[in-house]
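Chemist: Chain by chain, the residues run as shown.
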Amino acid sequence: DAKTTQPPSMDCAEGRAANLPCNHSTISGNEYVYWYRQIHSQGPQYIIHGLKNNETNEMASLIITEDRKSSTLILPHATLRDTAVYYCIVRVDNYGQNFVFGPGTRLSVLP
Amino acid sequence: SQTIHQWPATLVQPVGSPLSLECTVEGTSNPNLYWYRQAAGRGLQLLFYSVGIGQISSEVPQNLSASRPQDRQFILSSKKLLLSDSGFYLCAWSKTGYTEAFFGQGTRLTVV
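If you read the protein sequences in the order shown, they are chains G and B. According to this note's numbering, the first sequence is numbered sequentially starting from 1. According to this note's numbering, the second sequence is numbered sequentially starting from 112.
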């Protein structure tokens, strides 16, 4: 799986949009971009994933650059409960492929 | 709907004692199953994954082992725990060909 690079930490004001970047410059054509988050002492929670088109669901939006070498997870109106470590993962959606987590970005939503 | 159960939530064990953590998945069949470990302040490390009954792949050599006696049951074991085995252990599942993995709530193991 391609490696990803994320900033170790970010702050965001409550109610504002949180934009979390991820670099995946060696991503292959068939690798998807996934985002998970982990709130302290809980299991990781799936947020969103995409291949090359931008995606949106009830939790977040995923913006993938045209060259697919980077992406941004957007939480449109961050709340205190969004404080967590956010992981960007790239993987091939094939039989037996694993989810490999890096260190992620620790997002702190401030009141 | 699918659910994943992992127990116990917390466990304190002495060095040298055995370990058995169990994970079960409901509401799906033939899932891919995973065991991860997260040391304090660190990222998630994949330990084992399984694509079917009796099929276990180890990612990291250590004194832990995994077994899958039934389709939706995944067990993490050790014969003799080490201090370095302390951590947060997470079980997860995914469908072959599907995209997301879903995680249990984890077991916090402290070896003393």
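Derived by calculation from the structure, the hints in this document are not laboratory data. Some clues are possibly wrong.
To be verified - 30 Å max Cα-Cα, derived BS3-like pairs, lysine-lysine:
id, chain 1, residue 1, chain 2, residue 2
1, G, 52, G, 69
2, G, 3, G, 69
3, G, 3, B, 206
4, B, 190, G, 52
5, B, 206, G, 69
6, G, 3, G, 52
Chemist: Now tell me, hint by hint, if it's right for this structure.
Modeler: The hints, checked one at a time:
In summary, the hint linking residue 52(G) to residue 69(G) is supported, as the alpha carbons are separated by about 10 Å, within the 30 Å threshold. Straight-line distance between C-alpha atoms of residue 3(G) and residue 69(G) comes to about 11 Å, which keeps the hinted pair within the 30 Å bound. Pair hint residue 3(G) plus residue 206(B) holds up; C-alpha atoms about 23 Å apart against a cutoff of 30 Å. Restraint check: the Cα-Cα separation between residue 190(B) and residue 52(G) comes to about 46 Å, which exceeds 30 Å; the hinted pair is violated.
Restraint check: the Cα-Cα separation between residue 206(B) and residue 69(G) comes to about 27 Å, which is no more than 30 Å; the hinted pair holds. Annotation: proposed proximity of residue 3(G) to residue 52(G) holds, straight-line Cα distance about 17 Å (limit 30 Å).
Consistency with the previously given hints fails for number 4 only.
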